[in-house]
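Model the placement of chain B on the given structure of chain A, informed by the hints.
Residue strings, one per chain:
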Amino acid sequence: MAGNDIKQNLRKLDFPYCAREALCRIEILCGRPGKQVDLQLDLISEFVFGEIERRKKRNLTIAIQELQLIEVLSDFFQSPGGSAAVRNAVFLSLFPADSPRYKILGNLVSLVIATQNKAVLNATGIWMQQLGSTSSQSVSLARHVLNDYFVLTPKSIDKLKHLPVLAPHFTANLLTAIGEVYEDKDPPTELLRLIGEWIDENPSLLLTPLIDNPALPTGGIPMTPITPIAGLFRWCILSPVRSIDIEDTDYSEERKKLYSKIQHLLMDSVLRLKNNGNNKHAISAQHFAATTRTLTATLQSQTNINSILRDLSMERLAQAVSAAMSANCIYGNKQELLALLQPLSYLHFLIEWTLQTYASKAA
Amino acid sequence: MLHSTGALSPEDILAEVRKFISGAVRPTHSTSTLDVTRTALSLLRHVPAARDAVLEYFCNVFFIAVTKYVRQLETNQNLAICEETIIAEIHTVLSSFINGNPEAWAPIISAWSLELLGKLSSEYAKRGNLPVNAGINDFLQQWMSCCATRTLIDITAQCLQCLMHSDTESCIKALLDTSVLHSPHFDWVVAHVGSCFPNTVITRVLSCGLKDFCAMKNEHNVKNPKLNSVVGILGHLAGSHFQDITAALLDLFKWSLQEDVNIDEDTKNQKLATVPFLLNLASLSQTLLKAITSDVLQTLKPDIIPQLALFASDWCRYFDNQPEALLDLTVHLILGCEQGGSQLINILLDTSLSTSNVGYHSVNAAQSVKSVCSEILELVLQEIDLLLRTHGPQSANIALLNSIKQEFVVILPLLLSQTPLRIQTAIRLLCFLGSQSPNILISAASYLLVKAVTTFHLAALIRLISNNIILFSSNKSETENILASHSYFTQIVEQSLRDINYRSIIGKQEPEQFFQNLTILLKWERSNKAVVLRSKMITQAIKFNLPQISALLTKTTDFDLANDIAKMLDLFSMPEKDNFIPNVELTLKLTRAVIQYFFLCIEKDDITKKQQGVKIVCHLLKDLTFYSPCARVLALREILGYSINNDPAKYFGAKEKFVPKFEETLLLHQNHKQVTSTMLAQKHSSVFHAGVIGHGPRRPPPQNNIDKEIIALNKILLIDVIKACCSNRESERYPVNLDALTMVSLLLVELVSPDVMYNGLPWPDEEFTKVTIERDLQIHRTFKDVPLLWTLLELTAWYRPALAYCSVLLRGIAATVMANWNIDEGVLLVSVMALGQLLPPPLASIRDVLPVLEPQQINTIMKECVWAYMRENVPSPALFTRSEGANIAWRDTDTSTPNSRFTETLRLLLLSNIHTLGPLYAALFLQ
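These protein sequences, in sequence, are chains A and B.
Read in this note's numbering, the first sequence has 201 at position 201, and its numbers run on one by one without any break.
Read in this note's numbering, the second sequence has 640 at position 640, and its numbers run on one by one without any break.
Chain B on its own, in the form it takes in the complex:
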């Protein structure tokens, strides 16, 4: 055999040639194929003249191999194909040629392999097991698993790789020319090769397709096979080169918009055809639509749209001169967008609402663009509606809707727009989305509820809700039942509250707005004008969410917010109290919340707001305490506790709470302060009675610098609130419930003197004050610190016999007055007791006498008259009689006239001061 390299003699060459010819011309003996191929390869190496013949012969070999492969596919056999080894050999030799001298061999071999591939693809396109409508990927798979075609593709790719650097254009041209010749069966080759050289192939395929599209514009009814090829190829490439495709499409689009005067007619037509071409591409493949929308959309700015308007009439020519067809295609493409849906909607809205005519060539053009945009928008919305209704909301798969769903945050601000069209569009879109997933509706509605500033927007909210009420009632599946169970406005409110509670970034404005809106809605509902609201859904919603609302009111320190909440609650609880009795827990929560609000009001400087707020508080508390005794207990305790002991006390004239602060210091530093003398704990060296060493003398608590008038007002308001808590609804005449006031006085005792011992009503022997002196002083100090207590005592004194329960407090103060002859306190004490009818007439006048007395006289009178009388006459509620239906008890003055033992001292003291107290003496003792 002469297959080895090395020079052949001329005779050998001739012999080889003859052998090859005889083998190639009659390819009957398949056994000799290998032999002939080897001869052919040797000829290829040594006899350039035989090159074409040899390559042609290889064609036969490949054809045979492919035939066998296809037949095996069809018969499901799996035998070895003997040509495969030959093909492998051919591959090796050809590769070596290409690598050895690419410039010379690559064009020849690539032309040959492309042509052969084309022929094979067309020839066997209908064979094999592929379905009739097989796509490019099926072809690719079938042919890549065939040894022969795979080898050819490899060779082609290798050739192109070599040529790419020097001669890109002609390579791609050859590729596409073959593709045109054998389209569509050749597409898989282009696709495969394309993935080796994505940039070039994509751009070229596009421009080729565009040219063809441009030329085909007249016969558009026929499906354009070339367009399908382009789509197939790009679709295949999209898998791995999506970015390149996107960029190429964008470039093409931008190119079509470039204005250039010096272009020939062809280019101009191509530029005009670009947009219809892109639209057609997109309509044929979802992938390409995605590619186009991802980037081209970004460039679709307001300044470009007028430019497009200029071409619109030319585009129609590509749609059989039917603008409707173009519109229809556009609408369907928009529906198919998987991303950028909200952006699309926005573009349409912006354009149709734009008021400027800048950039348009005429006013008419601008007008028609706007009307077309709104038409498209309307068509899109209608189409979605139709699809949802025909397929049912769950099964209808609309890409645009899915895209909007993902970016529905972008749609939300439309709801707050000023233009009705935007709001309407947004609402319609949200309704569509809502039919698929109700959650979206809820968050959208809650968004609107929180953000709406005008009633206009609230009306939009109502519309959004009412649209869906109908939708829900029409088809109740499992998911909607959740909503049906408690009206879904409830969920909206719940969601909004959750947002307010947990989203820390949320502005101060929004919670207030939310409650204001709720109030407005509630008013609307109460007005009974809106049919939609007759179901009382807003009341229901508030009712359901009261726990959250009250928690919010309890938590908040923001007066405005609290005010809005309170107003809302006020309105809520106004008319139909009969229907709604909250459970205990909720009542208590509400009570606590209202009381918090009360103290916020008290803190507020603005008198009008304060009074309004307190009015609301009174109203609310009245309601609450009337129905629930627990609420009353809690309310009173809270109010008294806070206003006496806690921070708010200062607003009622109490001294500021003062906690001396001691900083933690290092032991070392403390030791440095020591001198050499030893220190004993609690000795003079360590503790100085006026203060602490190192910190100077104890500072007195800061003065209460709140305006006296304000304090007075606050006290009045507090009394109002307490009265409201103790309200009595049964009779209009006596608005205050005595039992409740008894509770107040008991509470006062508990708060001021929480002792167990000697806390009863009876006054002991005067000597006994020595035992209780410490407690008495304590009570005295509390009254001094918290002057409000006097006011409260007065309140209880008003509503007899409640004051009787405060006996211990009165006793304590009386004891201290006896000890320190304090006139002011004595007067206060006696007048309170007189008011409460604990001291009957002549004794009641002691308050007028005290200021003029000497200290020892004060002591005497307190001892002899007040204390002694009280010791004899235990201040018990039994002393008072209460007439039927009356609310206040009276002490019978006739039966309770004090014994002269108690009045004699008073008379004598009056006598001794007769120069000033003459008239009083006359009034008391001479009648």
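In isolation and in its complexed conformation, chain A is listed as follows:
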């Protein structure tokens, strides 16, 4: 069927039926060779998101229609039939890297987390991986989810509990993004607790991006997965030197424990990689290097940090680096990382030891 015919037919339909119908058409188009990408994009723009001027008249109740659309989308991806790869491709074309549809995506993800819509969650996971789970898009998606579930409706945190079981790939990517959300500030305690539980109950969660292969349509190139490990290590390493202001002791005590727990779990995960052949890309040396730089800068700028806390930070850094080195799951410019560790080695013996042990290996 020619593109214009499809459009004419669809135009006879009202929202939200046209959106639903358009999605089916796009799915069909995607499954074919010679995908007619332009037509797909037209359909998406006009019938799914109603961005064409002609359809703007229905825009009096934008948010409700958005909700309707979200409902249609979640229903569509969950509907039986159709291959996962094609649907993923549709998803990717629905939310391309530079479109203004993140808000809808955010709400969609937020809703499907609540409704436990596995299909959409998986597709989102792949979306995140393809855009890079530390990319700004992914991070803002993660921020949206966190805002919805931790800030606005803290009562609904429970909904996130079973996420690793339901959609491990999505969860892992989300976790990587969350690691970046709290790049330079401390995450809330509830989040720490939740992540601790997640990793505790699903030890393989951190490595999921490495193991799972995304279902992409033929010809699709999967992007390098990024594990949450480095991001979470950063939390653990930087948190002691950051928490200068004395808080409520119970509270900070609990946080200390949570950080220790996560550090422990991270170490476990890394060490588990030791005998795995497929582990080369678990951790980026750049990621660690950035953390090291931040720590060095913090230690230099703030001289009044409690020495116990300072030692704890450096100890965790040394642990993380040495563990990653020993498991040989670190990639990128290791020399630079080690060079950055050099100034800190005078402050802590464990770093010095790490340097001595792995300097030769890195070469």
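Hints should not be assumed to be uniformly reliable.
[As the list claims (entries may be wrong)] DSS-like, lysine-lysine: derived pairs with alpha carbons at most 30 Å apart:
1. 173(B) to 103(A)
2. 609(B) to 622(B)
3. 655(B) to 615(B)
4. 523(B) to 604(B)
5. 12(A) to 19(B)
6. 161(A) to 103(A)
7. 609(B) to 451(B)
8. 119(B) to 19(B)
9. 161(A) to 19(B)
10. 650(B) to 604(B)
11. 185(A) to 173(B)
12. 119(B) to 254(B)
13. 19(B) to 155(A)
14. 451(B) to 405(B)
15. 650(B) to 555(B)
16. 103(A) to 19(B)
17. 604(B) to 536(B)
18. 118(A) to 609(B)
19. 609(B) to 650(B)
20. 161(A) to 274(A)
21. 655(B) to 103(A)
[As the list claims (entries may be wrong)] Every beta carbon over 12 Å from chain B, so not counted as near; a handful from chain A, in silico:
22. 64
23. 66
24. 114
25. 117
26. 147
27. 159
28. 255
29. 356
[Said to hold, decoys possible] Okay, the calculated bits of chain B under chain A, using three or more residues with CB under 8 Å as the criterion:
30. 40–50
31. 547–560
Derived from the structure by calculation, the hints contain no laboratory data.
Even for Gly, the Cβ is constructed at its ideal location relative to N, Cα and C.
Same frame as chain A, but now just chain B:
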């Protein structure tokens, strides 16, 4: 139903979402609204993704509710709106969100509610029953009585309250942004919210308005809607936060004056625009004008004005480059000031009269500022004048004038200024005020009358009066009739007198000044040069106020004041005595007052002043007594009574009055003085004849230590005054009225010897003196104590036959001289009698004989010659003959030659002393 809390299963959530969507997309069944809302609320709690949709749906609900409300308003129905319960539920849930987690929810909900409010306000602005030109308060009232909008406002306020601490700026910004979008219909929200956070909102609203004003300067012909919004909002807030507004305006003004080099172009423009902006604000709202004037005016000091001058040309740009427009606006604003009016006038005056150029950037600038100030002042005055004339003084309501009326005490000192402009301004203002309430004119004029030191100021007073004479005659309504009835200068004088009488703080200077001024005015009137004064209003005024003036003269003990009053009275009574004959009461009062003044003069040491004063007294008394016999009686009695018996007697040589003082002592102390012997009253033990026990001997009265010459002068003056009282105007030749002098002698008798018995003219048998001895001694003592009596007797002796009525006094003294052979008194007595022609020629010479006689000879001569002669020849006025038209009676010496019985003793005594009295003997008996 799954509305209860608790976790929902994913399937339930999906079902709920679908249910909500189906309900929200087709909002046809109103019955289901409640149901859908509940679903929505549950979604809001559990499904964050649906938040926007749910809030949007709530918008619909509110819209429906408001539509119904407005329709009811328009149709005057009053049915329950079912959405109200739903709205209440929504309110509860949203509040709980805001309270539970303000940082997260408040921005979302406040943004939503503000937007919704904005939409609702704009949408329904033209609906309802509001008039076309409804103000902010009408809107506020309409919307606050609508459940939906009230709820929204509550929610908004709650959100802002939560956010205020953390994020004030963005809150207000959101508020004002919405306000800009939906202006002016949204103003009521800003106003209401503003009253929750007055400080921030006021400041921000102002700065927002200023920015806008600055940007709009080019298209000023169009009424600036934003400015109106600002005014509306501030006007609403002024009700409860007037102080905050005042402070904010002041801050803004001060900020605009701060000099700062490092500011960008925008800020600079804003600073320049501040004053025009404030002026515009003030022109749009009386309340804001009040706010501005109450504080900003206080900062308008002379050092600030040069600073302002620098910007003036830039201001004109905001008025289409027409300085006249700026001037006009300024003038109208000044007219609208409800307070600080006098301060404004003073600023204008000070600036336009200031001679210093300090602070100005050039001499020209200083000059132009001064000329602009005087122009503004002139324009203001002209405008007031015009308004008063067009609307009539009672109906014209000029705020400035009212303000000045309240502080008119501040305007008054301007009247006494040295600069003509100030005086003129003050007079014009007072004339304006006077046209509304004449009392002000009167107090102002009386102020001027009391305080004016130079004739220049008096001229100003005349101007003030004359201006209003014209005004009064032009429209005579009820109130003015009071003034018309007796000229209102009378009232001015009355008011001044009242002030002098009752205001104790008033300085000594002022009453004197008042009478001096009155004198000057009177002179002017008499000179007949001033046309205005031809109505004789000053004479009228004094005439009317004579009772008060005389009371004041009676009361005062201050010679200078009394002198001024007397001078004034003197001038007043000078020429036209024919016109004015005061009634009896007033005459008596005046007489008494003048006599008081006389005694003040007598007390005065300065001889020149004393004589001048007495001259005036004589003049006044002459007038008074001539017209009124009562006055004469009173005057004589007063003068004699005082100068003989009372305090002033000492100035005429009398002994000082001496009242021995006994202190009250405790009985106990008195008893302590007693010895054991019993005490009987009036016995030697209690009374010692030379004194009182415990107080030593009786002290003699203190010596009269007044200079003899002064006493002599005083006596002369007293005689002059008495003569003046007895004046006779009918004939120039005989200035003294005999009847009046008879009265004097009768009065002397009454004062010295007020007995009923043996007080007649005839001299009894000599033996009878034994009966009257006590009274005789009394008379003798009085004459001894009060030597003035001799002078008075002399006076009566001069004007025969008045002395005859003093027969009893002469008799008493003669009796005592016989008893104690006192030569001095004998001489005095005989010479007085001789002067009064009571003793005819040979006997009249006894006064020359007495000093050389022996005591028993004195006794003999007094007995045989004087007493015996007088007993035979009763000293009656009938002895004297008065020729036609003459004023003095004469005793015919031929017929009254004494019998030789009375002269023989004298002759013999002369003979026995012939060695010394030879020539006298020859003169008396040998011719």
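Here is how each hint holds up against the structure:
1. 173(B) to 103(A): Satisfied, since the Cα-Cα distance of roughly 24 Å is no more than 30 Å.
2. 609(B) to 622(B): With a Cα-Cα distance of about 20 Å, the restraint between residue 609(B) and residue 622(B) holds, given a limit of 30 Å.
3. 655(B) to 615(B): With a Cα-Cα distance of about 27 Å, the restraint between residue 655(B) and residue 615(B) holds, given a limit of 30 Å.
4. 523(B) to 604(B): Holds - the C-alpha atoms of residue 604(B) and residue 523(B) are around 27 Å apart, at most 30 Å.
5. 12(A) to 19(B): The given pair, whose Cα atoms are some 25 Å apart, holds under the 30 Å limit.
6. 161(A) to 103(A): 23 Å, holds
7. 609(B) to 451(B): Satisfied, since the Cα-Cα distance of roughly 25 Å is no more than 30 Å.
8. 119(B) to 19(B): 27 Å, holds
9. 161(A) to 19(B): 26 Å, holds
10. 650(B) to 604(B): Holds: residue 650(B) and residue 604(B) sit about 13 Å apart, inside 30 Å.
11. 185(A) to 173(B): Given pair residue 185(A), residue 173(B) holds - Cα atoms ~28 Å apart, limit 30 Å.
12. 119(B) to 254(B): With Cα atoms ~37 Å apart, residue 119(B) and residue 254(B) exceed 30 Å; violated.
13. 19(B) to 155(A): Within the cut-off at roughly 22 Å; holds.
14. 451(B) to 405(B): 20 Å, holds
15. 650(B) to 555(B): 21 Å, holds
16. 103(A) to 19(B): Roughly 23 Å separates the two Cα atoms, so the pair holds.
17. 604(B) to 536(B): 35 Å, violated
18. 118(A) to 609(B): 125 Å, violated
19. 609(B) to 650(B): It holds: about 19 Å lies between the C-alpha atoms, which stays within 30 Å.
20. 161(A) to 274(A): Satisfied, since the Cα-Cα distance of roughly 29 Å is no more than 30 Å.
21. 655(B) to 103(A): 121 Å, violated
22. 64: 5 Å, violated
23. 66: Check fails; 7 Å does not lie beyond 12 Å.
24. 114: 5 Å, violated
25. 117: The assertion about residue 117(A) is violated, with a minimum of 8 Å to chain B.
26. 147: Given that some Cβ of chain B is not farther than 12 Å from that of residue 147(A), nearest at about 8 Å, it is violated.
27. 159: 8 Å, violated
28. 255: 20 Å, holds
29. 356: Holds, because the least Cβ-Cβ distance between residue 356(A) and chain B comes to about 48 Å, which exceeds 12 Å.
30. 40–50: holds (count 6)
31. 547–560: Contact hint for the region 547–560 of chain B vs chain A: violated, 0 residues under 8 Å.
The structure fails to meet hints 12, 17, 18, 21, 22, 23, 24, 25, 26, 27 and 31 from the earlier list, while all remaining hints are met.
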